[in-house]
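In my numbering, the protein residues as written are 39 to 330.
Certain hints may be false.
[As the list claims (entries may be wrong)] Using C-beta positions, here's what the derived DEER-type ranges look like:
{"#": "1", "residue 1": "N120", "residue 2": "K316", "range": "25 to 33 Å"}
{"#": "2", "residue 1": "T262", "residue 2": "N186", "range": "20 to 28 Å"}
{"#": "3", "residue 1": "T194", "residue 2": "N145", "range": "50 to 58 Å"}
[Unchecked claim] In silico EDC-like cross-links for lysine to aspartate or glutamate, where the CA-CA straight-line distance does not exceed 20 Å:
{"#": "4", "residue 1": "K172", "residue 2": "D257"}
{"#": "5", "residue 1": "K172", "residue 2": "D290"}
{"#": "6", "residue 1": "K216", "residue 2": "D203"}
{"#": "7", "residue 1": "K83", "residue 2": "D105"}
{"#": "8", "residue 1": "K216", "residue 2": "E179"}
{"#": "9", "residue 1": "K216", "residue 2": "E228"}
{"#": "10", "residue 1": "K267", "residue 2": "E228"}
{"#": "11", "residue 1": "K316", "residue 2": "D105"}
{"#": "12", "residue 1": "K316", "residue 2": "E228"}
{"#": "13", "residue 1": "K216", "residue 2": "D257"}
{"#": "14", "residue 1": "K253", "residue 2": "E228"}
Since the hints were derived computationally from the structure, they do not count as laboratory data. For glycine and all other residues, C-beta sits at the position ideal for the given N, C-alpha and C.
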Amino acid sequence: MKSILFSIAFVGCISIGFAQSISLDPNSLQLPRVAANPACAVADKGKLIYNTTQNKVLFCNGSAWVDPSTAAAPSNWVNSGNNAVLLNGRVGIGTEAPTTTLDINGNLRVRGNFPVKGSTLVSIDNNGTLNWQKPYAFRAEGLEGEANMTVGANQTVQLMFTYPDYNIGQMYSVNSGKFTAPVRGIYHIETHVASYKKTQGPNSGYAPYVSLVRKRIGDPVNRTIQYTKFGIYTEDGSDIFGPTVHHTISGDFMLEVGDVLWIDLNAEIVAQLIDGGKNQISFSGRLVMQIF
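Whole structure, please, built from the sequences with the hints as guidance.
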């Protein structure tokens, strides 16, 4: 009997202030069901309703009906539409004592812009907007079969570096011996070539030209952007440089998307023998900084 009286008294208490009463079932509590929210004043703070139009349970916070599933506990955060703003203070993730504006103790995952392993976050504007810069690098060594190659007098050939040591981003083509710039930026490019004179005699002291050549979209002329040449000769053709001449090109170059680079060799007035060994001839490059 006491239990029944208590239930009646409880239902009577919690149904005051609503046109509908609250039903207390053995396994549930049925809230007042309304199509439109009633008034929510300070005196109504803490009341619960079920809004049949919104299909939600709402509670009165003293000034408005709030969805408890999205209501946040009191904090310094300000919710504005889809944004959550912390006007001052610090945010700590994995730490209770953040020392900077954002302090993360643990791993951080940043998605977007399709990053790959080895990508670097870089600023793409003056406002600190970050974007992923993908890694691009290659190195190819040796001529086919590591065989030496003869280049006739006054003949120009493209050197085909056959054995990739690495090709991150797959922008160097073994079939063409050329590198294509995937993005606009500054690239560091190097090549090393070893050559030997085929003859010994008057005016045979010249070594070949080794050129880094660039083809740019819209430019009808292939440009030599850097070259090496040993232009000293002796009347008797003696080996001023020794039996082998080592040519090196190394520098930073601004490239546009689609620029194609390769290495040409001109034998000049004397036939040349090019060493095809992996440890004697190479072509390499890497993206230093992407320009957005």
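Going down the list of hints, with the structure as the test:
At roughly 57 Å, the beta-carbon separation of N120 and K316 lies outside the given 25 to 33 Å, and the hint is violated. Taking the beta carbon of each, T262 and N186 are about 25 Å apart, inside 20 to 28 Å as hinted. In this structure, T194 and N145 meet the distance hint of 50 to 58 Å, their C-beta atoms being roughly 53 Å apart. Between K172 and D257 the alpha-carbon distance is near 27 Å, which puts this suggested pair outside the 20 Å criterion.
A C-alpha spacing of about 18 Å is found between K172 and D290, which places the hinted pair at or below 20 Å, so the restraint holds. Under the criterion of a C-alpha separation no larger than 20 Å, the hint pairing K216 with D203 is consistent with the structure, at around 15 Å. Taking the CA atoms of K83 and D105, the gap is about 14 Å. The hint holds against a cut of 20 Å. Between the alpha carbons of K216 and E179 the distance comes to roughly 13 Å, so the proposed pair stays at or under 20 Å and holds.
Proposed proximity of K216 and E228 is supported: the alpha carbons are some 13 Å apart, at most 20 Å. Restraint check for K267 and E228: the C-alpha separation of about 15 Å stays at or below 20 Å, so the hint holds. Between K316 and D105 the CA atoms are separated by roughly 70 Å; this puts the pair beyond 20 Å, and the hint is violated. Between K316 and E228 the CA atoms are separated by roughly 15 Å; this keeps the pair inside 20 Å, and the hint holds.
Between K216 and D257, the direct Cα distance comes to roughly 17 Å. Compliance with the 20 Å bound is thereby established for this hinted pair. Of the supplied pair hints, the one linking K253 and E228 holds, its CA atoms being roughly 17 Å apart against a limit of 20 Å.
When held up to the earlier numbered hints, the structure conflicts with 1, 4 and 11 and fits the remainder.
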